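Asks: One line per chain: the protein sequences are A and B, in this order. If you're matching positions, the first sequence starts at 0 in numbering that gives the first Met the number 0 and goes up one per residue. If you're matching positions, the second sequence starts at 0 in numbering that gives the first Met the number 0 and goes up one per residue.
The hints are simulated quantities; they were obtained by calculation from the structure and are not laboratory data. All of these numbers come straight from a predicted model, not from anything done at the bench. The beta carbon of each residue, even a glycine, is placed where N, CA and C say it ideally should be. Warning: the hint list may mix true and false statements.
Among chain B residues calculated to face chain A with C-beta under 8 Å, some are [unchecked claim]: (1) Met122; (2) Ile126; (3) Phe129; (4) Leu144; (5) Leu148; (6) Thr149.
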Amino acid sequence: MTEMLNQYAPIVGSNVIDHLRQLAEPLKGMKVMHVNSTREGGGVAEILHRLIPLKQELGLKAGWEIVAGDSQFYQCTKMMHNTLQGNRSAISSELLNHYEAVNCENYERLRQQLEEADIVFIHDPQPAPLLKYCRSRKGKWIWRCHIDASRPFRQVWKYLKNLVMDYDASIYSLPAFAQPMPHPLYIIPPSIDPLSDKNVALDADEIQGVCRGYGLDPERPIISQISRFDRFKDPVGVIRAYRMAKAFGPPLQLVLAGGTASDDPEGEEVLAEVNAAAKDDPDIHVLLLPPDAHRTINALQRLSTIVIQKSIKEGFGLTVTEALWKGRPVIGGDAGGIRLQVVNHQTGFLVKTAEGAALRIRYLLKHGDRRQEMGETARNFVLENYLLTRHLREYLTLMVAVIRNSSDRIEL
Amino acid sequence: MSGPFAVTDCALIAIATGEKAQNIREMHHQLMRTTDEGVMYYHFWGGLLRPHFVDPEYQNHFAGWAYHDLHDRRLAEKLSIINPAHYSSIEELRQRVIEVFEARMDEDGAASRVEAEHPFFFMRSQIVVFDTRLRVDTPEAFTGLIPDLTLGSLFYHFIDSRRRSPSGGDDFSEWLKGWGGRYQELIDEIKTVDPYFNSLFELRDDLAAIFASHLAAEEQK
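Chain B with its partners taken away, still in its complex shape (with noise of 0.2 Å):
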């Protein structure tokens, strides 16, 4: 059995690091010389906790970019696919959004001198994490519990917690896998929340969703 889980609470904010890219060849020069993991962790993950127009479409900053601004389908796609989750290290994540960079210059070395209707801005950010005092003691008790979490929240347990958790998990999968498989379904179901194409709201909603019909099922047994 797990102990209380402690919620914790963060609020973000993105700094601008003055680099720009205009074009491919120019946003691959930068990627190649970024060593900042903040900036690829803001890039793919921290924008989710700043002011945002969720994009139907496409929604890392990169794959964004390539669509509304270079105006490059091909490479919007091939970037939209980058799932930030399935790479065990910022490190990682920064080399294949590098190949598809240069396979796209490969591919066609015209598009990569093609000027950007708006330039790339690289950003990082600063997070600041404190501890609410607030302890959840049992899975059951977080039923009514999340409709009220602050967007901070989420962030810090949801999103925040892939770069902190060996797993690359969310915290609530990592806390509940303690209490000793009872909870092995909500683990499952919890891990087919897609974070992107939904604001924190939404977000918010699909978890406070997924945890009540859940437990309430597990009454009923």
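Okay, chain A solo, but in the shape it has when bound (with noise of 0.2 Å):
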């Protein structure tokens, strides 16, 4: 019963494994749901992946739920994402009736399980409706929010708001990200899984392998940023950062490999504007690679010299922490959960624009022994404070002060 949890354990040390069973103890046998849209593509689906089976295993009764909506839906959804980030369009009626509607039908497909469950996650605003219509519910309902709500489009948040302020608590990635609520608000980051494919250790076949079948030469330095497809993540501006730097002289290769999840209706028209900005250039690699490529991108984040994620907004940003774990600085998007990690001249840098990232890039081709440097504070500083082990013991510390109403101090 315990196999995968041991698996952690010559990473993170034994001692880690034994306190999460000690912290599990008193949820033993809880009914825990968690609820989002999407099931591949995106940090969220990754992270409910690996952590749900090991809420199981530590004895909690864990599942995992989508809500299925139509194209209409996730349209209204993404344009709720992107201005909780910042964007300043207003949603029409209908499409908020529809994205109401959805989640009405989802709830009476899920109803049972909603009104059981001891604790329930909603993940994002897609299935935030829920608790409204779950009125004879038994459990606690937090509300867990990956985006970078910093600064969201006022109107827009003032409708979310009163969808989930009757929530008994919220989770944000960041205490930036926290909006005033009645209700207490947790601060959680997220994590990567050391153990997935994506993590994993490959051996040097497998990845010369890779950088064969992409057409990369391995003798020269390759900068990647791996992500969706997304104007947030800024691909165009990593393209300008990558034609200056090179400008310079050194004989680079750029990267720019990512999907598009499938609750993301815009992925395809930036992936053709990133296509139109990167044309001429056989030295920059546009790669759309499938939701399951996990090995692939591990096999990029490893064969790259400097790995870039040029976000203008970020709720998070795994591929920087995927990235630090590897070894690799960071030149990041003063933006987001990307300052959590990105620690100037320790673990890679912020940068503010294109020329920024220019500057960077130029200083650590230069200086390969900082790089190595850095690279091993990056990796300490995952092992220390970004892995799932870390995430787990927050979200079962969570759940026991939920369920204990909440003292500053709790004794078991």
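Two chains, two frames, some hints: make the complex.
Replies: See the structure below:
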């Protein structure tokens, strides 16, 4: 029964695993349900794929359901996502009505599980209205916001706030994202799984196979951004930074690799913009990867001399964590959760412009020794702070706290 | 002679209060109205058990904010020297922090209105404490145990103890005192460990080394 958890012991220490087991004791047998809108693509689904089995192994009756919608539903939730991250465009009442109707249908399908659950975690805005339909709920409901909602478009936030204020608690990746609410605002940064295909150690043959397969030259430096094709990730800005850095002489190659999530209708449009910006340069490799290309992404990160994540807005930036875990310094946009992970001159550099990114690319290419030191610091930093075991510990702690009605000190 | 040492563990979860400060004036205003002791505790101590990069220069959150976000080195230096262990209560600590911000406003009125690059977000924490059922009978037995303590246990016995124990010290030293002066040198050396400027991992290594060297010397006597 404890096989999966024990696999983490060689990485994080067996005491960390014992700690999780003790913390989970008072939660054994509880029904815990997670609800989001996609099983594939994006950081939320990735985390849930691993967290749920671990919770089950600790004795919790954990389950995961998704709300299913049509293109109009996803159009609405994508707009909601963008406006929470600061875009200023109103969402029509017709779209909002449809969004609620889809949630109502999903509620009918999930009614029994939602009513019986001891704790329900609702991820992001897509399933947020479920609470208002669940009038005879038994358990505690927690809204998990993975988005950088530090400066939301007020009109949309006002609407969403009405849906989430009745939850028992909400969770944010950073304190900056937490909007005042009449319930506790927990702060839990996400994590990566060191044993997943995306992060596990790969042998040299597999890495070189990916290098050859995509026509990359292993003798020349590779910079990469691995991210969904999304304007908030600024892939076109990365191409500009690459061109500016390359103009100073280094024989650079750029990899822009990513997929599109099933709940993201804008992906193809952005990909077309990226392809247009990349044209005529054979050293720019734009790779549209399927959602299960985890080992390919892993290899591309390991092939990279420097990893970039030049986001303008970012919930957390798990691709940053992944790169740091592989000992790669990261040049990151000064946004959201990237700020937590990229510490100037320690684990990489924060930049505000394409010019800033170009400067740091040149610096890191020039100073191989610093790149190495920063890479080592980066890996240790993730080991101590951003692995799945820490994330699981915080979820367990929160569940204990919520069940015990939230005093500051809870003695078990 | 002391009874067995009960190894306790804890886990901590952070909660944003929803309040923030964008400049020194707002910081002062928020500090004046903060009555929740958990807030000061979190920003001086609780953060050690949370994901963070160990700041090579400024450890308490107020000093870090002054340096990194206000770019006010003078204020950061004044705040960085505050040792929370030297205050008998959280309230006394809060007053000291307020005084430092007030002094800075008196020194330079313009500085108090400078907007920080990023706001300071006020936080507090909830701590879940649980008994590991592990008991340690002798100080010698600790030598092999400390490298395997969880960070939660270390935090509970070395950091959290400071607000639980009347002396404001750590649980290890309190327990060692019960052995009648035999371990005074060990207690004195534990006192020299500065929990700031270290991650809890490094703190654990430091304590393990101190226990190992003292208790090996004790055996040779």
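Asks: For every hint, state whether the structure bears it out.
Replies: Do the hints match the structure? See the list:
1. Taking 8 Å as the C-beta contact cut-off toward chain A, the hint placing Met122 (chain B) at the interface holds, the least distance being around 6 Å.
2. Here the hint on Ile126 (chain B) is kept, as its CB sits about 5 Å from the closest CB of chain A, short of 8 Å.
3. Contact between Phe129 (chain B) and chain A, as hinted, is supported at the beta carbon level, the nearest pair being about 4 Å apart and thus within 8 Å.
4. Because the closest C-beta pair between Leu144 (chain B) and chain A is about 10 Å apart, greater than 8 Å, the hint is violated.
5. The interface hint given for Leu148 (chain B) is met, as the beta carbon of that residue sits about 7 Å from the closest beta carbon of chain A, less than 8 Å.
6. Taken as an interface hint, Thr149 (chain B) checks out: its beta carbon lies about 4 Å from the nearest beta carbon of chain A, inside 8 Å.
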